[in-house]
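Take these sequences, add in the hints, and give me the full structure.
There are 2 protein chains.
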Amino acid sequence: MSKAEKIYSFDKSMELFHRAARTIPGGIYGHFSPTITVPGSFPYYTAEAKGCRYLDVDGNEMIDYMCAFGPMVLGYRNKTVDSAAATQQALADCTTHPGVVMIELAERLVELIPTADWAFFGKNGGDMTTYAILAARAHTNRKKIVMVRGHYHGVAPWCTALGFGGIIPEDHYQIIQVDWNDLDEFEKVVAEHRGDIAGFIAQPYHHINFGDQIMPAAGYWKGIEQICRREGIVLILDDVRAGFRLSMKGSGDYFGFEPDLSCYCKAIANGYALSACVGRRELMNAASKVFFTGSFWTSQVPMAAALATLSELERTDAPGRMKETGTLLGDGLKELGRQYGLEVTFSGPPAIPFMRFTEDRDFYWQQIFCSEVTKRGSFFHPHHNWFISTAHEQEDIEETLNHAEAAIKVVKREI
Amino acid sequence: MSKAEKIYSFDKSMELFHRAARTIPGGIYGHFSPTITVPGSFPYYTAEAKGCRYLDVDGNEMIDYMCAFGPMVLGYRNKTVDSAAATQQALADCTTHPGVVMIELAERLVELIPTADWAFFGKNGGDMTTYAILAARAHTNRKKIVMVRGHYHGVAPWCTALGFGGIIPEDHYQIIQVDWNDLDEFEKVVAEHRGDIAGFIAQPYHHINFGDQIMPAAGYWKGIEQICRREGIVLILDDVRAGFRLSMKGSGDYFGFEPDLSCYCKAIANGYALSACVGRRELMNAASKVFFTGSFWTSQVPMAAALATLSELERTDAPGRMKETGTLLGDGLKELGRQYGLEVTFSGPPAIPFMRFTEDRDFYWQQIFCSEVTKRGSFFHPHHNWFISTAHEQEDIEETLNHAEAAIKVVKREI
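Quick mapping for you: the protein sequence lines, in order, are chains A and B. Just so we're aligned: 414 in the numbering used here is position 414 of the first sequence, and the numbers increase by one with no gaps anywhere. Just so we're aligned: 404 in the numbering used here is position 404 of the second sequence, and the numbers increase by one with no gaps anywhere.
The following label-pair restraints were derived from C-beta to C-beta distances:
| id | chain 1 | residue 1 | chain 2 | residue 2 | range |
| --- | --- | --- | --- | --- | --- |
| 1 | A | 80 | B | 150 | 41 to 49 Å |
| 2 | A | 362 | B | 188 | 52 to 60 Å |
| 3 | B | 214 | A | 192 | 46 to 54 Å |
Because the hints were derived from the structure by calculation, they are not lab data. We treat Cβ as the ideally placed atom computed from N, Cα and C, and that holds for glycine.
Dropping the structure here:
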């Protein structure tokens, strides 16, 4: 390590969190919740962000490996995107009628994604996954939706597990769950409910929490596609998390299959609120019968930002670049593991990676490691997949590997 | 009429709509859909907006009585709000952790709304109405939700009518509908399902489409409140449409009752995408058990915009001002009706009004009238309530009344 080590503290974050807990249920909610990480070892509030870094409220500078849980793909405050947004803002944003930019963006997605003949826009990823299951039901005139156990499709009751507040068994009456990568189970379910299944929805691979990311088995997606076609089941790809990080053509193209509907969100506009569902021609009529809208769904600024984001991603071969950067990070972490005798498993696509210690049975080492890395200036989430952006440069990765080396020494000492 | 009459045409709007229909299901969707108004008589796309006016893609200047279906409350491109948003944008928007602005906004709403002890934020109004019913179920450990027939709470399947694409009877298994203003029916339902009703959700008054707005009957809300308290039913106010247009303290305060949960959206940030649910202390624990989040839910720019919007609304006594402006419009329209022998019913609160011809049985006169007004430069929706903003000045209303006079002459001629 070249520099004297500085260990961050997060007193102001903690103090603000206690203040927040008085007027916000849980203080900070959902997947942003700080209670899912080690208290006192992670920042809770962002003051300023630029490129791949942010300053937290304690003034700590952090290299960010969460990228706002995905949306930031070109770096915070990307000039090209923010300037396209500002230009649009100076004309019109949320207005009584949509803007031409909505048509342009639909046409752009149709041009970009091989299975897109049309596009539809919302605000949340979950708006689009729900829209997709409604379109599948409208198209097939069937009720049942098959989803993969543990896949995340947002917070709508149909896809939220029983046990969370307010979810009732009735929410899942027409939902069937199957295991990831298990074609046999899907075949069995299809045989059992032949003619009743409207759609199959899944993420392109298993973005599991607290575990290695699980890629599709050889032949899995082609098998799913064949069964869906044979049975008239609408094949829905939830590409909210992986979209535009693996391929500009969508993760269907990346993994070699053709979804009927694909849902995008996170990376589509570099942090401006937008989501999209794209679909094949055959589904367009059914999709137009779904009543689905929201107060800000035709807002023009996020659409202008999306057009600029997509162009920048394409121009810079962003997926290729994030793969390289993620591989650099993964190789470095694995090498550190070898050096210090703590084998590292680096899983998932390098642009959306996750690491853990292979022999760490209960995520105890992981908790120590991630909090020690974070206290040195690189935010590693202990159990959620990470995200790489095109703003992460080689020097950032090297700096992070220094933080990681110091952290792994602490792990060695403590376990 | 002082000026030579100019009749707008909407050729470019029509042309763009046909282009859009190739890559967007329905061309323009939801409540923005142009197919619900008379083709050729209304603009479909906005090019630029400022104050209470916009330019459509044909270059027609329009005084806007839809205000983006509600969000625009201080005028398009309001300097104070946009500058607060830009200041925040230059620091951080959508980031890995929320900003302090989330706490400040929660505290602001708690200070403003008498029944708010806490606040929670999302993107769509429908995010918040769904969150509210989940919180009600979590709080009561009961399943059933009572809603009012025809009230609009967003596009989630639980509140969308059968017949729309993809909606299945299972979506409504635990939903009971009662008539607006019918306390007896509510009492009957409560007696029938005693101990099973988690929540009652309603808008503050009946924002009906294709009809006069129906205000709460004397004693209705107090009666609802009493029954809910007696039976342990969570009282949910969907204030998404009326919020901050009638009173800065929320429509519960305005109509003299105390909701347990209130949902806000539209006017809260003058067009920046944000929604909020506020609630009483007793509900906070249950609310924290609801798993609810989204990719852009902690974005800081809309929250900064909301703080600025609320201050501006308060500083300018916006609800008082919009009431005056709406009354001016309503009085003018009623006077025109008298003058031309076509009685006008002006219903709803003046800030969120609706007019129709009292003797117009099938909205045929209304279609002619609204399209003729619109072709002259004031956008009147023929069957959805209108919205007033603080950017509407006396001269704008006078100009609109000139458009209305010309239009009413056409109605006289055609009927």
